[in-house]
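For the sequence shown, the working numbering gives the first residue as 256, with consecutive numbering after it.
What the hints contain is simulated information worked out from the structure, not anything from laboratory work. Don't take every hint at face value.
[Unchecked claim] No farther apart than 20 Å at their CA atoms in a straight line, the calculated lysine to aspartate or glutamate pairs in the DMTMM-like style are these: (1) Lys-639 to Asp-485; (2) Lys-492 to Glu-635; (3) Lys-514 to Glu-635; (4) Lys-459 to Glu-267; (5) Lys-492 to Glu-595; (6) Lys-376 to Asp-362; (7) Lys-459 to Asp-650; (8) Lys-292 to Glu-635; (9) Lys-264 to Asp-280; (10) Lys-459 to Glu-620; (11) Lys-264 to Glu-414; (12) Lys-514 to Glu-620; (13) Lys-264 to Asp-322; (14) Lys-368 to Asp-403; (15) Lys-376 to Asp-344; (16) Lys-480 to Asp-506; (17) Lys-480 to Glu-599; (18) Lys-616 to Glu-626; (19) Lys-311 to Asp-322; (20) Lys-514 to Glu-632; (21) Lys-292 to Asp-538; (22) Lys-459 to Asp-280; (23) Lys-514 to Glu-626; (24) Lys-439 to Asp-538.
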Amino acid sequence: MLYHSFLIKYAEIGTKGRNRYVFEDALVHDIRMKLRKAEGEFSVTRERGRIYVNVKSERYDYDSVVDALRHVFGIIGICPMVQLAGTHDISVLSEQVVSYWRQVYGDRIVSFKVETRRADKGFPMQSGEIDAELGHQILSHFPNTSVDVHHPEIRLHVEIRQFINLYSEILPGAGGMPLGTNGKAMLLLSGGIDSPVAGYLIGKRGALIEATYFHAPPYTSERAKQKVIDLAKQVSKYTGPIALHVVNFTDIQIAIYDKCPHEELTILMRRYMMRIAERIARDRGCIGLITGESIGQVASQTMQSLVCTNEVCTLPVYRPVIAFDKQEIIDLSQRIGTYETSIEPYEDCCTIFVARHPVTKPIPEKMRKSEQNLLPEISEMVDKAVESAELIWCDPFR
Numbered sequence: 256m257l258y259h260s261f262l263i264k265y266a267e268i269g270t271k272g273r274n275r276y277v278f279e280d281a282l283v284h285d286i287r288m289k290l291r292k293a294e295g296e297f298s299v300t301r302e303r304g305r306i307y308v309n310v311k312s313e314r315y316d317y318d319s320v321v322d323a324l325r326h327v328f329g330i331i332g333i334c335p336m337v338q339l340a341g342t343h344d345i346s347v348l349s350e351q352v353v354s355y356w357r358q359v360y361g362d363r364i365v366s367f368k369v370e371t372r373r374a375d376k377g378f379p380m381q382s383g384e385i386d387a388e389l390g391h392q393i394l395s396h397f398p399n400t401s402v403d404v405h406h407p408e409i410r411l412h413v414e415i416r417q418f419i420n421l422y423s424e425i426l427p428g429a430g431g432m433p434l435g436t437n438g439k440a441m442l443l444l445s446g447g448i449d450s451p452v453a454g455y456l457i458g459k460r461g462a463l464i465e466a467t468y469f470h471a472p473p474y475t476s477e478r479a480k481q482k483v484i485d486l487a488k489q490v491s492k493y494t495g496p497i498a499l500h501v502v503n504f505t506d507i508q509i510a511i512y513d514k515c516p517h518e519e520l521t522i523l524m525r526r527y528m529m530r531i532a533e534r535i536a537r538d539r540g541c542i543g544l545i546t547g548e549s550i551g552q553v554a555s556q557t558m559q560s561l562v563c564t565n566e567v568c569t570l571p572v573y574r575p576v577i578a579f580d581k582q583e584i585i586d587l588s589q590r591i592g593t594y595e596t597s598i599e600p601y602e603d604c605c606t607i608f609v610a611r612h613p614v615t616k617p618i619p620e621k622m623r624k625s626e627q628n629l630l631p632e633i634s635e636m637v638d639k640a641v642e643s644a645e646l647i648w649c650d651p652f653r
């Protein structure tokens, strides 16, 4: 069957009270943006707690529409739907339901349940009575069917409004909150598995995302940089276009390597990364940092290590995968499409300058003392790194 309408279901937005329209408007805007690259012409409308995507062109690509909608945060369900002219005549409605069933399911052997929602109170029957009559008509016309009110294989939803909405499939959406409803944050994006997932998860809560990547030529290759650009584009399929700030970190890394205890290398590098990312974040209007750190995954992610890296920040640091184990992060990266890129064998700057025996319980006072070895040149190096950062616009559709 060729569907020409989609009913969009959301969850959390419905709890927002008098501010609900702000979130609905943001969701409608994002749906329109995502549909720009789908084949066909569409209108997106909002009506009494419902959002509809209507196909305006004679031909369109169903799969591309569903894929676009599945990348919209805030949607929990996508319902391919038939929208019919409204009626108060049960015989007319019965004919429409039988026609729908014939086109969609034919003579399949299935159990079903009819669930009617009567928003138009002018319809002369109660919802339960409508369920019974429509169920009777389906049974009469399609003898291979049976009614199961507890565990049906198919739930036929009938919404009686100004129009009649018929749908029986609910495709899962990405969930979360619409983009732009919770500020903007800066993601510290590496070429690994964890940070793209972290960016996706914070984006899912309605935050716009920018990203900072620390590049260390010639120790890291241009292919490593391209890998991160590719990851940013993959995440941006959900979060919208991402401004990626590529920071040359080579001089700072070499200075730390030459002048500081080697067991502290990773923590000290992380501290300067956080400082630089925060400066760029503030310049760009971000109100938080995002990292892909998970407690205990590596030496630089013990709770003591996180205390040391947090110490240099004044913006809040969001770590959405903090309690995930590695397999959970891998599973999510596979689902959102970043895993295969993340495992490409191009190392980032964190993996090049790594200590053989890194400290696992660093002490902030010792870190501050070690940083004294970098004075006075380090301030100029940080300024240069911030000022010379390359800005790359990562848009999956460009």
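- Task: Given the hint that Lys-514 pairs with Glu-635, test it: the Cα-Cα distance must not exceed 20 Å.
- Result: 16 Å, holds
- Item | 20 Å Cα cutoff - pair Lys-480, Glu-599 | Roughly 12 Å between the alpha carbons, so the hint for Lys-480 and Glu-599 holds.
- Task: Given the hint that Lys-459 pairs with Glu-620, test it: the Cα-Cα distance must not exceed 20 Å.
- Result: 37 Å, violated
- Given the proposed pairing of Lys-480 with Asp-506, does the C-alpha separation stay at or below 20 Å? Holds - the C-alpha atoms of Asp-506 and Lys-480 are around 17 Å apart, at most 20 Å.
- Given the hinted pair Lys-292 and Glu-635, is their alpha-carbon gap at most 20 Å? 45 Å, violated
- Would you check the hint for Lys-459 and Asp-280, treating anything up to 20 Å between C-alpha atoms as holding? This hinted pair holds, its Cα atoms lying about 17 Å apart.
- Query: Lys-264 and Asp-322: Cα distance at most 20 Å?
  - Reply: 15 Å, holds
- Is it true that the CA of Lys-376 sits at most 20 Å from the CA of Asp-344? 13 Å, holds
- Agreement of Lys-639 and Asp-485 with the hint, judged by alpha carbon distance not exceeding 20 Å: This hinted pair is violated, its Cα atoms lying about 26 Å apart.
- Task: Verify the proposed pairing of Lys-492 with Glu-635, using a straight-line Cα cut of 20 Å.
- Result: 37 Å, violated
- Item | Satisfaction of hint between Glu-632 and Lys-514, Cα-Cα up to 20 Å | Holds, at roughly 12 Å.
- Would the pair Lys-264 and Glu-414 pass a check requiring their Cα atoms to be no farther apart than 20 Å? Roughly 13 Å between the alpha carbons, so the hint for Lys-264 and Glu-414 holds.
Going down the numbered hints, you'll see the structure goes against 1, 2, 6, 8, 10 and 21, while the others check out.
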